[in-house]
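There are 2 protein chains.
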Amino acid sequence: MHITPTQLTQLSHDILAAYGFTPEHQKSITHTLVTAQQDQCHSHGVWRLLGLIDTLKHGKISATATPTITQDVGSIVKIDAHMGSATTAFSVGLPRLIEKAQQNGIALLAINHCVHFSALWVEIEQLTQAGLIAINSTPSHAWVAPAGSTKPLLGTNPLGFGFPRINPQEPYVFDFATSATARGEIQLHHRHGTQMPEGLAIDAQGNPTTDPAAAMQGAMLTFGGHKGSAISTMVELLAGIAIGDMTSQESMAFADGTPTLPYGGEIIIAIDPKILLGDDWTAHQQRGEDFLNQFNASGARLPSQRRFKARAQNQQQGYIELDDNLYADLQNLLTLAN
Amino acid sequence: MHITPTQLTQLSHDILAAYGFTPEHQKSITHTLVTAQQDQCHSHGVWRLLGLIDTLKHGKISATATPTITQDVGSIVKIDAHMGSATTAFSVGLPRLIEKAQQNGIALLAINHCVHFSALWVEIEQLTQAGLIAINSTPSHAWVAPAGSTKPLLGTNPLGFGFPRINPQEPYVFDFATSATARGEIQLHHRHGTQMPEGLAIDAQGNPTTDPAAAMQGAMLTFGGHKGSAISTMVELLAGIAIGDMTSQESMAFADGTPTLPYGGEIIIAIDPKILLGDDWTAHQQRGEDFLNQFNASGARLPSQRRFKARAQNQQQGYIELDDNLYADLQNLLTLAN
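One line per chain: the protein sequences are A and B, in this order.
Start counting the first sequence at 359; every next residue gets the next number (this note's numbering).
Start counting the second sequence at 359; every next residue gets the next number (this note's numbering).
Just to be clear, a hint being listed does not mean it is correct.
Each pair may be met inside one copy or between any two copies, as identical chains are not told apart.
With a Cα cut of at most 20 Å, we get these calculated SDA-like pairs of lysine to any residue [stated by the list, open to error]:
#1 Lys509 <-> Thr568
#2 Lys385 <-> Pro453
#3 Lys632 <-> Asp648
#4 Lys632 <-> Thr428
#5 Lys509 <-> Gln575
#6 Lys509 <-> Asn651
Note that these hints are calculated values from the structure, not bench results.
Next up, chain A with everything else stripped away, as it sits in the complex:
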């Protein structure tokens, strides 16, 4: 089916309001999910409302929490989400993060005690649009074994990065799980009774497996062997321990067997190239263009390129493609609440 961004925004607002989410949460969550949907990034689109409401029913997210700034010193801002959505805490912290980066050249925003379910690139792009370079990351649930182990000590631990380009609508942006595949991919193979590609998971004995059932008993692997494993471990330390928040193991323990969203911290680092380079930034940003323009010219695709294309197309046509079943599920969610 076709739905306009305005209609989809209204539907998301209505669902969240019906389940008691405050206007601030309605706004930040909806903005994030509709933005992802417009980019045809379905896995992080309005589909997430189902998991979100499920998490609420299990008492693992607060619909009414108001994020508070717990620290604002030097180049650091810390926000306590009080078990609310990370998206709302991010919108509270964003103006201070931008100010501090513009003042000191580099700044760090730490979000604590948040429920995380959104695409990292939605945040990254708000920073690149402010002319900043940005890095962000968050632990998740411990489904992933480090290289050499059979024990799931790591989350899917996504890592985001953005660099402002001259066209502010199309920055250099990547956002990917540091696991070899998404949890949902394995679940999909399980549901369809298909085998997975090699190299994604191990069984409970630590042997490579392409059987989704065995993989779900065992563990997922990280991307890139021991190097990807080291990066995923960095995420646990940087976006978990260093900001006094949960590791993916602890988040999983907190979920206590319920199929709820990850709970814990997030870290966002912003760098202002205009502080690093002054007026020379303009010339160096152009060098960045010359460098990046060689990618497409030589057959490589830049990360997010497909998203930007989908966004441009959706904006031009004025509507978003939405799966009929998903729309029915969302309508159903609304009916059940009322």
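Dock chain B against the given chain A, drawing on the hints supplied.
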């Protein structure tokens, strides 16, 4: 042969002095190379003196440059190495980087116009010993094609990270090339007439190859497919463009066909967990220990573990193993200078 750290330090000092390196350069270069040698990290040990002197002979490094601080504002320090060794510029910038991180919570040191040949972990460990979390990176020479391309747009682009542990001698540290293998590995296969493992390189037509000669005509691949490729591109943007310094392509053009060391910039970010967490850092650092201790217990090895073991052994025995031929080459280097 066996050589004591004192003897090896003296030999390195003598060689560098004989070729006109200033006492500051002798000290920082020697410290870096002997530290790597003590950890049996041969690829970044005193062997590098050969490439360094070769680079000097080609006029692509300055033996007498004095690094200058070009910016010291907010959380940013910039050092111009004036074509000298990165190690010397790092020692000039290190105290300010530590002060700024301790004051503002996060700080960034950018080194410009430096020749880079040293292990990133040597710098990382100086920051973890000061109780800081650290990330560093530098572009290199463009030998590596991004995923989907046959054109070498990327360097081997190493990435380093460190997190202080309760035993300051054994922090969590990784330092690896974002290429699938080291350039030297391919050269070694070429010299020995052996085939390389799969997945490391492509030929000039972009087809996967295990033939080292074909690989050297084509390009190396990044680790981890399109994700590793995205991270390597980040290094070019962050440690090249954003600090107004060369990309790996530009460094290669600067070498102008000579087999000289990469020239350009380096970025080092330091975070003080005591600013993030105050007195609670002690308890959270212990949580970090509990998390990391599970790695060995479940069969995984932590990065740098082999190095720490070698270091402890070398410190206990009081000498370092050095290849006879390498020692002869170093003595020869000294003789030729005088």
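Go through the numbered hints given earlier and state which of them the structure violates, listing their numbers in rising order. none
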